[in-house]
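Enquirer: Taken in sequence, the protein lines are chains A and B.
Each step along the first sequence adds one to the number in the working numbering, with nothing skipped, and position 118 is 118.
Each step along the second sequence adds one to the number in the working numbering, with nothing skipped, and position 163 is 163.
Just so you know, the hints here were simulated from the structure itself, not pulled from any lab data.
Hints are not guaranteed to be accurate.
[What the hints assert, rightly or not] Label pairs and their computed distance ranges (CB to CB):
| id | chain 1 | residue 1 | chain 2 | residue 2 | range |
| --- | --- | --- | --- | --- | --- |
| 1 | A | S65 | B | L741 | 57 to 65 Å |
| 2 | B | R14 | A | S77 | 31 to 39 Å |
| 3 | B | I305 | A | E134 | 55 to 63 Å |
A virtual CB, placed ideally from N, CA and C, is assigned to each residue, including glycine.
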Amino acid sequence: MTEDLGNEQAVVRLTDVRKEYGESVALSGVSLEIHAGEAVAVMGPSGSGKSTLLSMVAGLDRPTSGAVVVHGDDLGSLNERGLALFRRRRIGMIFQFFNLLDDLSALDNVALAAQLTGTSAPHARKRAFELFEELGIGDRRNTYPAQLSGGERQRVAVARALMNRPAILLADEPTGALDTRAGEQVMDLLLDLNQIGHTLLLVTHDQQLATRCASRVIDFVDGQIAGERSLERTA
Amino acid sequence: MSAVWPVSRAAVRRRRVQTVVIGVVVLLSTTMIVVALGLLAASSGPFDQAYARQSGAHLVASYDPSKVSDSQLTTSASAAKAYAGPFAMATLDLGSNGKFGEPQSLVTVGRADPGGPVDRLNVWKGRWAAKTGEIVLNRNPTASDGFGAPTLGSTMNAAGQTLTIVGFAYSVSQSADAWVAPAQMTSFKPTATQMLYRFAQAATNEQVSAGQAAVTSGLPSGALVGTQSYLGLRALATGEPNTFVPFLMVFGWLGLAVAVLIVANVVSGAVVSGFKHIGVLKALGFTPTQVMAVYLTMISIPAIIGCAGGTVLGNVLAESLLTRAFENYGADGVTVPIWVDVAVVLGVPLLVALSALLPSLRARSLSAAEAISAGSAPRAGRGLRVQRWLSGTRLPRSVSLGLGLPFARPARTALTLAAVVLGVTSVTLAVGLGKSLMTYQTAASRVDAVDVSLFARPTDGGPAPNDPQAPPAPKLSDAADEALIRSTAGAVSVTASANLPMRLAGTSTDLQVSFYRGDFEQLGYRILHGRWFDGPGQVVVSERFLRQRGLAVGDTITLQSEGKSVRAQIVGKAMYNSGDEVLSNWQTLALVAPSLRASLYEINVKPGTDLDAFVQAVQKGDPGLIRTEGQDAGTFVAIVLATVVLLTLMLGTVAALGVFNTVILNTRERRRDLGMLKSIGMTPSQVTIMVVTSMAALGAVGGVLGIPLGIVAHRLVVPAMANGAQVEIPAFMLHVYPWSLLALLILAGILIAAAGAYFPARSAAHTTIAKVLHNE
Chain A
1 MTEDLGNEQA
11 VVRLTDVRKE
21 YGESVALSGV
31 SLEIHAGEAV
41 AVMGPSGSGK
51 STLLSMVAGL
61 DRPTSGAVVV
71 HGDDLGSLNE
81 RGLALFRRRR
91 IGMIFQFFNL
101 LDDLSALDNV
111 ALAAQLTGTS
121 APHARKRAFE
131 LFEELGIGDR
141 RNTYPAQLSG
151 GERQRVAVAR
161 ALMNRPAILL
171 ADEPTGALDT
181 RAGEQVMDLL
191 LDLNQIGHTL
201 LLVTHDQQLA
211 TRCASRVIDF
221 VDGQIAGERS
231 LERTA
Chain B
1 MSAVWPVSRA
11 AVRRRRVQTV
21 VIGVVVLLST
31 TMIVVALGLL
41 AASSGPFDQA
51 YARQSGAHLV
61 ASYDPSKVSD
71 SQLTTSASAA
81 KAYAGPFAMA
91 TLDLGSNGKF
101 GEPQSLVTVG
111 RADPGGPVDR
121 LNVWKGRWAA
131 KTGEIVLNRN
141 PTASDGFGAP
151 TLGSTMNAAG
161 QTLTIVGFAY
171 SVSQSADAWV
181 APAQMTSFKP
191 TATQMLYRFA
201 QAATNEQVSA
211 GQAAVTSGLP
221 SGALVGTQSY
231 LGLRALATGE
241 PNTFVPFLMV
251 FGWLGLAVAV
261 LIVANVVSGA
271 VVSGFKHIGV
281 LKALGFTPTQ
291 VMAVYLTMIS
301 IPAIIGCAGG
311 TVLGNVLAES
321 LLTRAFENYG
331 ADGVTVPIWV
341 DVAVVLGVPL
351 LVALSALLPS
361 LRARSLSAAE
371 AISAGSAPRA
381 GRGLRVQRWL
391 SGTRLPRSVS
401 LGLGLPFARP
411 ARTALTLAAV
421 VLGVTSVTLA
431 VGLGKSLMTY
441 QTAASRVDAV
451 DVSLFARPTD
461 GGPAPNDPQA
471 PPAPKLSDAA
481 DEALIRSTAG
491 AVSVTASANL
501 PMRLAGTSTD
511 LQVSFYRGDF
521 EQLGYRILHG
531 RWFDGPGQVV
541 VSERFLRQRG
551 LAVGDTITLQ
561 SEGKSVRAQI
571 VGKAMYNSGD
581 EVLSNWQTLA
591 LVAPSLRASL
601 YEINVKPGTD
611 LDAFVQAVQK
621 GDPGLIRTEG
631 QDAGTFVAIV
641 LATVVLLTLM
651 LGTVAALGVF
661 NTVILNTRER
671 RRDLGMLKSI
681 GMTPSQVTIM
691 VVTSMAALGA
701 VGGVLGIPLG
711 IVAHRLVVPA
721 MANGAQVEIP
731 AFMLHVYPWS
741 LLALLILAGI
751 LIAAAGAYFP
761 ARSAAHTTIA
771 KVLHNE
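Taking the hints into account, I'd like the entire structure generated from these sequences.
Expert: Set out below in structure tokens:
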């Protein structure tokens, strides 16, 4: 699945990252490493900087200072186009509110990610179909987002994130908009993905999700790392 | 309603760009509407007012005193509602004024007083001529006193007598150039008798003709030698503003239609994207009517400001055009009628508000719960089949996604498409209008119709010019010069012509009559009706000449010069602009001025002939032949063309602003989608391509739909303009849309759409996506 950099090599390396939005400081002096195959959960209260951290790693936003290196790419050195190509190839993102395109079928939403890389439509659809089968939603491939349940929509979003075999999966409150049962299913899915080798960075309020899926938890308070702990998974 | 205002104001602030777009579009269209309506309403006003003030003559007629007596004229005039006369009339020869070819004459009438039931003259300076030796000149009070203009108290020589100018009067009826006391008139040996009539009905040519028939019935045959209808003078006065009215009206309404579409689009977009906002307002306690009022107020603010600005600007432009057109009627400071301003100031904002009403009603009827939940609930996709089909094509994904976007919001797409269609319609109309006008002007002005023009100073009659810069006199005789030119190598056709200022009997307007001999059919004149002259006493005139005098091909007119008259039949109508120029032949010239020599030789040469060498060869034989510039296009068409180009740019911009506005609505509404697309690796340029493609597709469709509409508008506007300008445009000049041009016009639609979409697309492509995706 992901390109093998070896377990010892950091897939993500943040060095003294600071992010300011006008007067307010979202991140301050954050340094951390995430190694290949790890599943890391970032926890903290609202406004602690968790989502900002995820945006930095995804290349959706730039730090005010410090360095962000993901899979060998120094994001600070990339222009807008470079960042787009980086996201296309290296990152798979899963959002709390799924962010699917309402006008495209579930299959086309997923295939879209591959088509952006230049993959032909038939090949992209074939690969998307395989993912749908793997994720157990093969029969829902031709339906539209509005016709899917929350859990199904999130599975489609996961499929889309996996489409280009990313170096790291980033998930922002992936169960936040789901009911308990659907949340459980998504947790299982993320756990499975990590167990087959996907590196995972989770941002969540959900202690259960963190303890179930992550091997390491980083606590954020006021834009800074307040603590770090290793976990025994409860799965 | 106190709560409505702050919320509306906040809504205006939140949509600054759209507010400015609406304001600008309303301003531009209101300006055009005010100018068009102002010109339409006021175009005959100054003339009519001046005519009514002076109780102007509906018909000025001159009679041959040898065939009809004064008492006969008085008796027959009782058929008119009012009349003045009979007045003795003579054309006084003033001799040469020191310029070649410009002998001056004065149509002079003997009148005891300036008042009376018809043609009450305005003696605006000095007094009326009371005794012999005095003369009053007809002059517009607004005419400038140029160098050499006659002054009060100065004297002038006419018909061998010295006359003192004792006053200046103005006749809107143009009944004479000058007036003297009746006693003075006897010494001038009058050649005609003038009658001035007012009829009960005189609104049309037919009514004036009927009035003329009534007052001349029972008079001896051939007694009437000339007439001048006031409708001709009125047409002359209103010609220029009336030329502007048709296309200004069309462009104005097109602009207003685009404004309505944009407003409907903006308010619909504001309602759709503001569902949550509407829900919050209702939850706070806003009544449904207050919510509707918020949206109507939001749109009315820029509409009222734009309308007010447009009305002021329209008044300024219209007044400048009207003042220019009517300066001869003492109509300085002609204004747009107040009803136009009132109608526009009330009507345009009302129209804008009406276009916002439907979406505002939607906001009004939305339940609070539905509105609040609409913000976060996924919406059902639209245009799904098209999207699915496009996703399977080989097109780049950013292009196929872009092509599918218009189907997601069909109503908005339809409104935007309509704006593009109107934009393309305007461009098509303007391009066609420009081509037709240029073709007409080139043909009417005979631009490049002849290769070489040689001028020969007239040598007969009048003293030699005082001007030391005057050209040398020709060495050879007229016939020898023509023979010389014809024998010069390269000459193919030679036309000789002489000009003579003449008067149409019964009128006081100067005419320039050009008499031709030789190959005049090669001069580039296009005969529209009738034929060229082929014998003495025949003339060819322009459509404007006929219209201004209520004449037709086949009619006979009497031309006068230096005490001589010639009756000539109008045998043809040619395409040229002047209403005061008459074309005739050398045989007719022989009847009035047999000794006049040709002053111009117009020559066409064989292809490849060196024109300079040709002229040098001719001048070797006669150095008195001076090369002159050929005809060039007039300035009026240039002004109209400039106006058309300006309006097209304005409407193209307005249509592009409609697209601009739609793209802003779309990209704001799809912020989350765009953020997601970027999060999975869509580059900024791909986002730009996607958004621009979505509108360019509309532009292409708009081009296909707008072109036929533009062609139809062209077919309506050009003849209406020609009618206003009193010219005739042949049918072939309406066929100005070759296939290559149509293809380019489709590109115009794409260009308008792409130009409108580009900047908001770029802006959308470069928005920071982190916040969009996380702050749900």
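Enquirer: With reference to the structure, classify each hint as holding or not holding.
Expert: How the hints compare with the structure:
1. S65/A x L741/B: 57 to 65 Å: holds, 58 Å
2. R14/B x S77/A: 31 to 39 Å: holds, 37 Å
3. I305/B x E134/A: 55 to 63 Å: holds, 60 Å
Every hint from the earlier list agrees with this structure, and none is contradicted.
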